[in-house]
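Below, each chain spelled out in residue letters.
2 protein chains.
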Amino acid sequence: MAHGSRLVDLVQARIEEFLSERTSILRSIGPDLDSLDEFSRRFLSGGKRFRARFCYWGWEAVGGRGFDPFESEAGRDWFPVVSAASALELFHAAALVHDDIIDNSDTRRGAPAAHKLFEQLHADSGWAGSPADFGRASAILLGDLLLGWSDELLDEGLQALPDRQDARAARAEFMRMRTEVTAGQYLDILEERAWVVQSDADQRTRAERVIVYKAAKYSVESPLVIGGAIAGASSAQVAALRAFGLPLGIAFQLRDDLLGVYGDPEVTGKPSGDDLREGKRTLLVAIARERLAAGPRRLLDELLGDADLDAEQVRMLQRTISDCGAVDEIERLIAEHVARATAVLADAPISRDARAELGSLARAVSRRTS
Amino acid sequence: MAHGSRLVDLVQARIEEFLSERTSILRSIGPDLDSLDEFSRRFLSGGKRFRARFCYWGWEAVGGRGFDPFESEAGRDWFPVVSAASALELFHAAALVHDDIIDNSDTRRGAPAAHKLFEQLHADSGWAGSPADFGRASAILLGDLLLGWSDELLDEGLQALPDRQDARAARAEFMRMRTEVTAGQYLDILEERAWVVQSDADQRTRAERVIVYKAAKYSVESPLVIGGAIAGASSAQVAALRAFGLPLGIAFQLRDDLLGVYGDPEVTGKPSGDDLREGKRTLLVAIARERLAAGPRRLLDELLGDADLDAEQVRMLQRTISDCGAVDEIERLIAEHVARATAVLADAPISRDARAELGSLARAVSRRTS
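Taken in order, these protein sequences are the chains called A and B.
Start counting the first sequence at 694; every next residue gets the next number (our numbering).
Start counting the second sequence at 694; every next residue gets the next number (our numbering).
For the record, the hints were derived by calculation from the structure and aren't laboratory data.
Among the hints, a few may not be true.
No distinction is drawn between identical chains; accordingly, a pair holds when it is met within one copy or between any pair of copies.
Stated by the list, open to error - Below are the DMTMM-like pairs computed for lysine to aspartate or glutamate, each with C-alpha atoms no more than 25 Å apart in a straight line: (1) K809 / E1050; (2) K809 / E971; (3) K809 / D826; (4) K963 / E1050; (5) K741 / E709; (6) K809 / D725; (7) K963 / D856.
Could you build all of it, start to finish, from the sequences and the hints given here?
Rendered as structure tokens:
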């Protein structure tokens, strides 16, 4: 995947260049803003860059010319797609900063979440008031800053596109994605609370809806379509990217749900059983609840969402969910959705290179361990 | 001010039209999202619309043609400026939703703040978990939604502009404003905490910096420049709008600071002495601390920021700040800044109508009671 690693470097460089421009505004105001600058950079280095990669391969799929080092003026050709890919990463960083406040999640990729960094800054500086309040408040503002910037970075890329129609199509997909993922996040936190008054018969459908809007469209389908639009995708090409992206995005999130319960903390950078303590009502939980007898189901409902679960309780819940067959069913669903996605590739009106690369991305995404 | 009230109606109609389009995406996902829809609308009806009005008068000042009902195709002429003015109101609503979480402020315009509305929804629905946590989390997402939408509404307006140069100038000002106001908000919450370790000699300068970035540029200068840019302002016209806008914006915020301590709750829609309980380190407080003897200053520092101040303590603080002459000094500063702003108008290269209207807006803004 030579293109892939070259892309990750280009995205990192583009993000750093863009952040330097924006943080120069902060520096012109005063040195007290250095931590906004520092924490922005910290949250934007590393990560798996899945969204950037899907955006790039959506572009490549419909005739973007790739990163040929022998091409003259190579830089300009890929400036729009690399900027859009970078904008998706900026948007994602903003969403994670707010998400960690919303979920009371204290770690992210094995390091402190943004609100914990600001909390520590407060504690270290001997300031007045509550460090936790300052941490949350500052992280809300950091997320707002990154949200605005993501949009500006996208625009810089789209302004360099010769075709206004393509730019409008890419922007329209970005806008719709932004609304849908925020709605999906709201449904996610709603399900954690509202399940008590919902009918058990609806729980699977409701969990699926969260997957589609919070993750599948956002993490895979829309990045692909944005990349495709930048390369001037026809409506048949957009349809193929969606038909591939949506089931793969569902598989992506189902893997995430399994990692949230069974992931190795050393690899995921999140505490073991994090989703259990947060009380996420995932499809995994919905399926377990369907399969469990009344007694164990009641126990599951009682413990799920208890922030103080100890290691033994986490292990017990992991076993309960696994022994009833819910994990196997999710694995089957992942395999089915990946198969559905890759089946689309065979006849998709896209480049041969992209077909191979999207196939291998599909495998990577659905088998990952972090 | 016939133009002014016509503008407010046009802005309201434009916001409602835009929200209907966007919330149709929410409705297509599911009825659980109705509250995002409802609360968006609630936070976007009413308000003083100062930012929209400054945007309009910046446009009118440099040759926008106004709302002449006899003009053919009148609607299209003002579509860009009304959209930009509406986008500023959407951005402002987003900022207030997040601001009320940050400041733990439970009321806004005499009604519950967004996080309190979601908290109530949770309590009324019999959901699991903490209503307050759900309230905060949902309001973070509502603010994110409105932030994204504000940008989209601006873009719809700018895309209808025939001159791309004008559109780029308007957008550049909007982007810079967005970064600066977020930085200003961060400095604001920082000052509330960091003042204990700062030198007393710097407190006035630091309070002034918050005023400039959190309020003056954001509420007055940038809206004027965005409107001016849409009408194709020359650099001399932009300079005049800034020279008028910045001092007026400072006066605007100084009035706000007085209202935060002395405002009538019936008129402001905020509890009496709200800023005292929040511990805002405003210029008013900085000046009072300069003027007070060590004993009363220590008492002021102790009480400021105590969320549980009772009515008697609030009255005592109000008297302390007023008796030392700080209120009179702020009133003098307001008058000076308004005079500086209106002096600019005399020779400004702008329309005669706009000159008169900006003069009367300056008086309205600096004398307001809410």
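Cross-check of the supplied hints:
1. In this homomeric assembly, K809 and E1050 never come within 25 Å of each other (Cα to Cα): the closest approach is 38 Å inside a single copy and 48 Å across copies.
2. For a Cα distance limit of 25 Å, the shortest separation of K809 from E971 qualifies both inside one copy, at 17 Å, and across copies, at 22 Å.
3. Proximity of K809 and D826 under a CA criterion of 25 Å is satisfied in both settings, with 10 Å inside one chain copy and 17 Å between copies.
4. When the C-alpha separation of K963 and E1050 is checked against a cutoff of 25 Å, the pair qualifies neither within a copy, at 29 Å, nor between copies, at 58 Å.
5. Within a single copy, K741 and E709 get their C-alpha atoms as close as 17 Å, which meets the 25 Å cut-off; across copies the closest is 40 Å, which misses it.
6. Taking CA atoms no more than 25 Å apart as the test, K809 paired with D725 passes inside one copy only; the shortest distance there is 18 Å, against 31 Å between copies.
7. In this homomeric assembly, K963 and D856 never come within 25 Å of each other (Cα to Cα): the closest approach is 43 Å inside a single copy and 50 Å across copies.
When held up to the earlier numbered hints, the structure conflicts with 1, 4, 7 and fits the remainder.
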